[in-house]
Every structure is written in C-alpha cells, then in structure tokens.
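A.B. asks: Put together the whole structure using the sequences plus the hints.
Keeping their order, the protein sequence lines are chains A and B. With the UniProt record's numbering, letter number 386 in the first sequence gets 386, and the count goes up by one each step, no holes. With the UniProt record's numbering, letter number 467 in the second sequence gets 467, and the count goes up by one each step, no holes.
What the hints contain is simulated information worked out from the structure, not anything from laboratory work. Careful: at least some of the hints might be erroneous.
Which residues of chain B face chain A? A partial, calculated answer using Cβ under 8 angstroms [as the list claims (entries may be wrong)]:
| id | residue |
| --- | --- |
| 1 | 184 |
| 2 | 195 |
| 3 | 404 |
| 4 | 407 |
| 5 | 409 |
| 6 | 414 |
| 7 | 479 |
| 8 | 518 |
| 9 | 520 |
| 10 | 530 |
Facing chain A, from chain B, some residues (calculated, C-beta under 8 angstroms) [what the hints assert, rightly or not]:
| id | residue |
| --- | --- |
| 11 | 391 |
| 12 | 392 |
| 13 | 396 |
| 14 | 398 |
| 15 | 472 |
| 16 | 474 |
| 17 | 521 |
| 18 | 525 |
Heads up, the beta-carbon is just placed ideally off N, CA and C, and yes, glycines get one too.
There are 2 protein chains.
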Amino acid sequence: MKSSLHRLFARRAEFGALSTKSFRAYSHRQTLQTPLSGAQSISFVKPLFSAVFIAGFVSAVWTHSHSTVHAEAPPAKTIRLAEVRKHGANATRRWVVKSTKVYDITDWIPNHPGGEVILRAVGGVIDPYWEIFTIHNKKDVYDILEQYYVGDLDPRDLVDGRVPSDDIEDPFKNDPARHPDLIVHSDRPFNAETAPEDLKSYITPNSNFYIRHHLWVPSLSQDDYKVQIELPDGEEVEYSIKDLKSKFRSTKVTCTLQCSGNRRQHMNDEARSTSGLPWEIGAISNAVWTGVRLRDVLADAGFDIDTFDENETKHVQFQGAEAYGASIPIDKALGKREDVLLVYEMNGEPLPRDHGFPLRALVPGHVAARSVKWLKRITLSDEESQSQWQQRDYKCFGPNQGGQDVDWSSAPAIQEMPVQSAITSLRNASPRSAEDQKLLRVYGMEEDAVEVEGYAFAGGGRRIVRVDISPDDGRTWHQAELLPDEAHGSKSWAWTRWRWLVPKRLAGRQFVVKAVDEGYNVQPESYEPHYNFRGNLTSGWHRVPYTKGRRDSKE
Amino acid sequence: MKSSLHRLFARRAEFGALSTKSFRAYSHRQTLQTPLSGAQSISFVKPLFSAVFIAGFVSAVWTHSHSTVHAEAPPAKTIRLAEVRKHGANATRRWVVKSTKVYDITDWIPNHPGGEVILRAVGGVIDPYWEIFTIHNKKDVYDILEQYYVGDLDPRDLVDGRVPSDDIEDPFKNDPARHPDLIVHSDRPFNAETAPEDLKSYITPNSNFYIRHHLWVPSLSQDDYKVQIELPDGEEVEYSIKDLKSKFRSTKVTCTLQCSGNRRQHMNDEARSTSGLPWEIGAISNAVWTGVRLRDVLADAGFDIDTFDENETKHVQFQGAEAYGASIPIDKALGKREDVLLVYEMNGEPLPRDHGFPLRALVPGHVAARSVKWLKRITLSDEESQSQWQQRDYKCFGPNQGGQDVDWSSAPAIQEMPVQSAITSLRNASPRSAEDQKLLRVYGMEEDAVEVEGYAFAGGGRRIVRVDISPDDGRTWHQAELLPDEAHGSKSWAWTRWRWLVPKRLAGRQFVVKAVDEGYNVQPESYEPHYNFRGNLTSGWHRVPYTKGRRDSKE
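C.D. replies: As structure tokens, this is what we get:
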C-alpha cells in the first residue's frame, strides 16, 4: 500500500508540486500511518518527501523556553539506537539523537520555527541536519533541546564515540555565488541585506538586491520548466516559459520588495529582543520586473475572472519549487490595476537564480513573502496557503502577546505593509568642495550643511505624499524633497527616494525621519508600543545620531 | 451682453448645477468683467449667483493673523458709501463696511476659509451676512478684520447711525429640526456630533447621526428631482429618483462616515490650537445605506466603464444642490468592490433632509466630505473638483507648515483616512450589581472591574484586526474583544465596536486605546508630531482619565 501510494504521488509530485487537496490527504496519511525507513526519512533528494515533510524552514529561532518534560516512561539509563528508531515520525512520542544523547522532542515539534521539516530527523541522529541548517548552532537552541533529555545512547551503538551518521546530501551546495557587498545575516539559508550605499540608487542592481531565502536555491532548467495551475474544479493547466512569453502581453512593473522583518534590529535595540534575522534598513530593494499578468494567465487557463463563485475561490496559493508556499486574496490577484505578475525578467535580465529563476510571482504592494520564487504551482482555493509562512511566521501581535500561548489564527497574514521610511545617508556638504557647491546652490545655501538622503515606501500601492525630517530629534520638522523617479505600474508600487539639505548650525544630536502615505497613514514615533515578538513591520521613526564636529571624506 | 449671458446660464444652472467647463468660463468672465449691482451681489435666492460666487463656506475660522495692511492710497478720514460700492467684486481693491467702518480686505480674500462666497459682500455692508453666518462672531475674526481698516463711513450715508442694510433672505430658515441629544458646534451652518452614549450602538439612529454641513439644507422635492450626469464628451443624461429605483438593482452597504475633523479637539488639547470645529469623538456614525451602484448608472448613461480613456477621465466630481462640491478618483467610482452608491435610503427610511434628501453620494472608506449630499450633478473629468473643499480644506500638512504661506497644491485631497479608535465609555462594573454579575461572568471575573467600550475604524475598507487597550497609560497592554457585528458590503466599510473588562485593581490613572488595521497601519502615540494647522485626521492614541475611587450610577 505504502509503496504504490509512494509511486502514485511521486509521479505527480515533481518538485513538491502536489495538488493542494491530494497533498493534504497524503501528508495526513503519511504522518499517521506510514512507517518510514531511516533512509527515506533523511533523503533530501527524493522530491516526494520534500513535499510531504518540508512544511518549511525559517531562519528564525524560537527564543521562548518550554519547561515541561513529558516522556512516555522514566528513561532507561542508556537507550539502544533501535529503540530510538521506533520513535520516528509515526510514533506517539518522537525522539532524536544529538551526539550521544537522546531527546524526546514530541512536545516541542509544534513550536519548531521550521515546521514539520523536523520530522525528517526524528527517530534518528540530528547532527547532520544541524551541520546544514547552521542556524541551530546557538545557545538558545541547545538550551531548549536540553529540556527534553531522556537518556544516553547505549555505547554498543557508538563507533569512535559517535553514531555513524546517515549520509545526507547538502541541498545548499548548488547555491549561486553572491556579491561581496551584500551584508550577510545567514548562510544556510542565505539571507543578506543591501548595503546602505546601494540603497541610494532608485533601481537596485540585481547583484545587490537583498536576498531572503527560507530554504536552498533550486537548480532549475528553463527549457523543461512548467508552472502548473490548478483551477477550483481540480482541472490542471500548465505553461512553459515559452508559452507565457508567446501567449500573453508582457508587462513591466517597477516594484519595491520589502521583507516584513526590515528594520527588525531597530525593534531589538529600541524595545526588546525579537526572534528573526536582525535586518537593519536594507531588507528592501527596487527593480523593474517583466512578466505577464496573472489575471490574463488565469483567464486563459479557463478561470472565469469576472463571474467566478466567490465562495469557492477566495485565495490564490503559490507554491515554490523548494517547498516554500504562500497565498494572496483573489481580489488582489485579479484586480486590473493590482499588477500581479508572473515574472521572468528583473531589470532587463533573466531572473537571477537568487530571485526565482526561471519564474516567480510578483505581488506589488504586499510583503515580499507573497512574491513566491521558483514558482511551480498556482492553486485557486477557498482557503489560504496552509504553509507556516502564511499561517504563522508573517503575522503580527500586540506588545503583550507571544511565545507558547499565542493564538496564531487570531492575527491575519501580513499582506499590505504600513508606511515606512529610513535614512540611508547623512553627510556633511561643504562650500569648500567644488562638487558640494553645486548641490548647495540648488538649495540656495552658501554655508556648511548636512545632506540627508533616504527612502520612503508604503504598502498597497499608496503613494508617499510627504516626508518629514528633523535635524534635532523631532523638535523641529521640515519637508524633504521627494525625487521624481519614473516608475512603471498602475499604482505607486515603488519606493520614493528623498533628499534634504539643512544648514549645519541647525543640526542637533540626532536626525529623524517619518513619512506619510496617500491614505495619510503615519509612522509611530516609538517601538515598544508596537513591539511584536517576531519583530515584524518595524516602522517606528528612524533615528540616526549625528556628531556635529565630525568630518567625512568629502569635507 | 451680461443679461443674455445671465439668462443663458440661469436656465442651465438650476441649483448651481452648471457644467464644469461652462461654469469655469462663466465664473472667470463674471469675476473679471461683469459689474455687479448691489442687489445682485447680495441675492441669496438667485440660483445663478449661488453657482458663480459660492465657491463655498466652511465653518472653520482662520486663526493665523495677517500683519500687512496694503491699501491703494492713504485712507480719507471719512469715505462715502458710493466710493465703497466702487470696490466690489470686480475692482482691483475690494472693500467692505462693517457697522460704520470701512475695510480693504483684498489681501485677506485668498485666505477666507469660506472661499469666494466673501465676494458676495464686497462693495457693500457685511453685517447682514455675519448675522446669518454667525460663525464670524468671534474675537479672532474681528481682530483679523481690524488689520484692514482704511477709514470711517461718511456720516451722510448713515441713518440712525448705521447704513440701511440691503435685505437678504436667510437661507437657513428652512433647516430641519434636530434631535436635542446632538452636541451642537455651530448653528449656521449646522454642525453637531453624536453624543458618546449614542456612539455605543452599532447602527446610529438617523436622528442621532452626526451632522456636518458647510451651508444650509436645501429644500428639495423628490418628485421633480433629477440628478444630471455629464460624460467626458459633454453629453448630459439625467435620472429621476424613480428612474434610479426602477432601472438599477438596489444595494445595501453598511458604512461608517467620519469627518476629517473627528477628534480635532484632542489635537487642540494635546498639541496646539487648530482652526475648525472642535469635534470630540462623535464626528463619526454608522448606518445602512440603500441605493444603486454609481458604476451601473454611469454604464447606463453611456460611459464605457471598462475601456474608457484614462487620460480623459480621472475623476468623478459630485456637485450638491447647495453648492458644495467634491470629487473622487475614477478607480474608486468604478471599482466593482468599492461600493460607491447613489443613496436614497438611510437605515430603511428615506434619506433625512439633513443627510441629503432625496439623493446623496456614498463613498465608503473615504472621508465623509466626498459623500456629497443633495447630489445634483455628477461630472466625469480629467481633473478634480475645483471646489475649496477638494483643493484646500480637506488636506493635511506637516507640523511646521501652515498659515499664509502653505502651498495647498503640495498635499493631496484627503480620500482614505488613517486607522482611528476611541473610548466611548468607561464605567465600573461591580459583582454587587445583578446586571454586572452577568457581564463579569462572561469574562470569568468575580471582582470589581472596569468596563471599557469604544469604536475602531480605518479608511479604504481595511478591516480592524486588533484593538490594544491599556488600563495604565500605556505601561501594559491587552487585546479588546472585537464585537461580531454584521455588515453589508464588499469590504470593511463599517466601524468595529470593541469591549474590554479589566479588574479594577489593575486600573491606573488613564486608559488608552490604539487600533491596528489589516494593512497593519497603527495609530501614533502623540499629537504634536502629527499636528496640522487645520486639525485634520487626528488619530493619536485616545486617552481617558480614570479616577479609581469614583462610583458610577451602576455601582
């Protein structure tokens, strides 16, 4: 029974692209009934298991501790490896071995930030996984694990003092080379932000565009690549890149992508510690994207975009080739002026591998987490994506909420993001520099000045209408000049760059920026009241200290 | 020439409903070339002049002082009335008489909050107007006027010590009676907010719905009422109420309307003085509106709502019968899920006169100022309404901007509004009261408690996803219970009521509320950094003092 099911789904499941319904049914069955051999449970290369077990991996680590240890029975002083093997994915209690110690992590599994990927390791040795997912090498993680200790491995199962570990393939080994100017926050998965100096250009070069991965970068070939569309009636239609390019009108959209964690480090600094990557101001970049309109493709696939049943189809789910998944509301997907694209070009070049080659979704105005890369499957559904990235990670709670007891379903998945701004550069401009003289003249100034530059951006295509800048920590305010960059697209999907020059004598100890969008939404001045334990959507005023006496290279 | 022009436009201009282009041409001509007799310039009942001269009236008073007096020549000690008459609407310098004094208000006219309605009075005596527009009876206004003093009237023109004033009709005399529970901010025009106890019901009764008028309430008959639609090619189509009801499917929308000045008084109190009516928390109310979809009517009128020329038609202008005008972007007007209606029923009753009888626009999710009452004309145009309510009054500037030198065109007209919330009730609940016992039991409490209730609301149809409430001035936070009221409509156009019960022992000196919308927009904690001189869009955290020892009637 198991192996025929296995073959059945494996055939349909290239790159983890099972249909939603069958995926759920199969996943459920596997978890509850199918015993796994050690070899199967650790195979990264078997695509079926990518789909079944990898509900995901985030680079965040849960820092909240878990205090109860609840084992089936008092632990034996030593435990045989064969006994550990019995506590695999389908056992009531699930064990792992780390080095020579055995842990019953059953109660921890629901809280694993990486989701059910952890089931790959239960019933066996966890060390080779942690060598790949290096994010685990933190004291916090070891502390959590230690709470679940149940005993030591029997020395008879050790060779040279350790368990001969199963050979697993490193899925990151084919990740592309990256630009050295990116500021790296994690290697596996790769996460890196754009350096401040590279945030100054309106269009971010592909090589400097920030990278936010949840898993590895799939190695895909454009020639045999197909994206599958599953309609509400279960019918499936697929398109090659060539199909997309030849059948539909290509569209260009200038669109800024921003991670929900952009500026998380400011929340850590100004309020309290959060979990997640410590992004500064560079988890945001801007590009011109070329692709075809999702609404055109859905219409061509046979979906009636004007008169569909609104109870049957409420969401469009995107599934990436590496297992990442997310969804957006159907109105966003179909809106004529919402500009949701299937993208194959970035700044005039084929999509780089790090940005979704050969095809990604682009959901302008929404958190970048919905613009799924390496897009393999599009499903029209009455429900959101059930991935952890839709159901858990990309949400926001109150300053008092968090940890073990949070009701994830009580907050909506982040889609549109609030208004945001940051100072990317603060430098002295002197009339003694020939270059600065020109700039000063534009502002009608002849004295020493401070030049401030930055970006402002709002979700939902809401235009930035005003940027207020203070040279003295919010005591006085001025309006920055908004640069008139030209963008493609039906709404304001791209950031607004701004600049301001202030006489040096007016500068205090700290510069501050805050922006206003066309819905007249504003940024809050502080962090603690908007603290959320995942550190998402940090949008408190950006403050940058200024030392009056300092001289920079231009002076 | 003048009189034939007069007749020509008077015929087309019932209730001031000239076509946009002809209106502008005629208005221009009148201002520059047509000499006005005193009788014409003060006639409220001549509809043509309503259109030409009443660019509007707001009940706000400009509190910023104006310091330069700039008269044509040194004033004569006394001035003859005939000389004053020469300084009318078409003169280079424009004078008015107040009591026995003459003022050259030329330089003030551009700053008049009521706009060009002031031109009705120049070249003559201003007293009868001020008796009607009683809003002028403030020291601020007299102070401004005094700066423009140029001389005294010649005693030969006085009878019993005053100028025999022209007889003008009181346009407010047919205003309807109002509910005594409304909290009145001005009588003429009538402006009154809903009392806190009436803000507690989800649907505000018609009689208690807040009223915000800029002029008088027109007396209109439903039987001969027609709304005119002007298409981009200049063609006009008109519909009676009967036409609208019989030709189009009626639609119900539950929609909260909020004045941009709601909570302005909190800005006055917490930051600085603003101009405008001192609304507390009650310039907001909620109703079920019945009408027909504007997009259906426009399509029927011959406008191609799918493939119109986007350069030719960018805005839909609404003109009210009393001369008020405003506009909304074409995308809002046509959006399938934007629910813009032409409304003839409010909470199941014919529209009350105070709320636009027999027909008004309803623009859900936008500032109420765009939901034009007594709707007479709808114009599809490449430009916004040129009314002061579109071009000036309903805008927002930075905390440092304001007064004489503000560039009105630098800020967009307010359409969608930012997230907002308020505490409508704060009371002790005691286990010693039988009624309170029930409530306490719901929250699993058996001790003295404080019950807090309120509303939260966001623009753009963005749902309220969380309400944070603090019993101790923001030190600790809790999540209020969001009441599950049912609404009609494609998006969240109605406010969310919320409630929370806290043990009395946790209550500090001040309760605070802040809300979050589905775009995760937040409210700012303070007022001064978001000060704007008109006091619009006040959305700082609402703080309500609490006295622990107090007993209320229920205790």
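A.B. asks: Does each hint fit the structure? Answer for all of them.
C.D. replies: Against the structure, the hints:
1. Restraint check, residue 184/B versus chain A: the minimum CB separation of about 28 angstroms is more than 8 angstroms; hint violated.
2. Hint status for residue 195/B relative to chain A: violated, with the closest Cβ pair at about 27 angstroms, above 8 angstroms.
3. A hinted interface residue such as residue 404/B counts as satisfied when its beta carbon comes closer than 8 angstroms to some beta carbon of chain A; here the least separation is about 17 angstroms, so the hint is violated.
4. Interface hint at residue 407/B: violated, since its Cβ lies 10 angstroms from the closest Cβ of chain A, which is beyond the 8 angstroms cut-off.
5. A cut of 8 angstroms between beta carbons decides the hint on residue 409/B: the least distance to chain A is about 12 angstroms, and the hint is violated.
6. The beta carbon of residue 414/B comes within 6 angstroms of a beta carbon in chain A, closer than 8 angstroms, and the hint placing it at the interface holds.
7. With 8 angstroms as the threshold, the beta carbon of residue 479/B comes within range of chain A, its nearest partner Cβ sitting at about 6 angstroms, so the hint holds.
8. Annotation: interface hint on residue 518/B holds; nearest CB of chain A at approximately 6 angstroms, less than 8 angstroms.
9. Proximity of residue 520/B to chain A holds as hinted, the smallest CB-CB distance being about 5 angstroms (cut-off 8 angstroms).
10. A least Cβ separation of about 6 angstroms between residue 530/B and chain A falls short of the 8 angstroms threshold, and the interface hint therefore holds.
11. Among the interface hints, the one on residue 391/B is violated; its C-beta lies about 15 angstroms from the nearest C-beta in chain A, farther than the 8 angstroms criterion.
12. Hint status for residue 392/B relative to chain A: violated, with the closest Cβ pair at about 16 angstroms, above 8 angstroms.
13. Nearest Cβ of chain A to the Cβ of residue 396/B: about 6 angstroms, under the 8 angstroms cut. The hint holds.
14. For residue 398/B, the shortest C-beta to C-beta distance to chain A is roughly 5 angstroms, which falls under 8 angstroms, so the interface hint holds.
15. About 12 angstroms separates the beta-carbon of residue 472/B from the nearest beta-carbon of chain A, more than 8 angstroms, and the hint is not met.
16. Hint status for residue 474/B: holds, given a least beta-carbon distance of 6 angstroms to chain A, under 8 angstroms.
17. With a least beta-carbon distance of about 5 angstroms to chain A, the hint placing residue 521/B at the interface is held under the 8 angstroms criterion.
18. This hint holds: residue 525/B has a C-beta 6 angstroms from the nearest C-beta of chain A, less than the 8 angstroms allowed.
The structure is inconsistent with the numbered hints 1, 2, 3, 4, 5, 11, 12, 15, although it conforms to all the rest.
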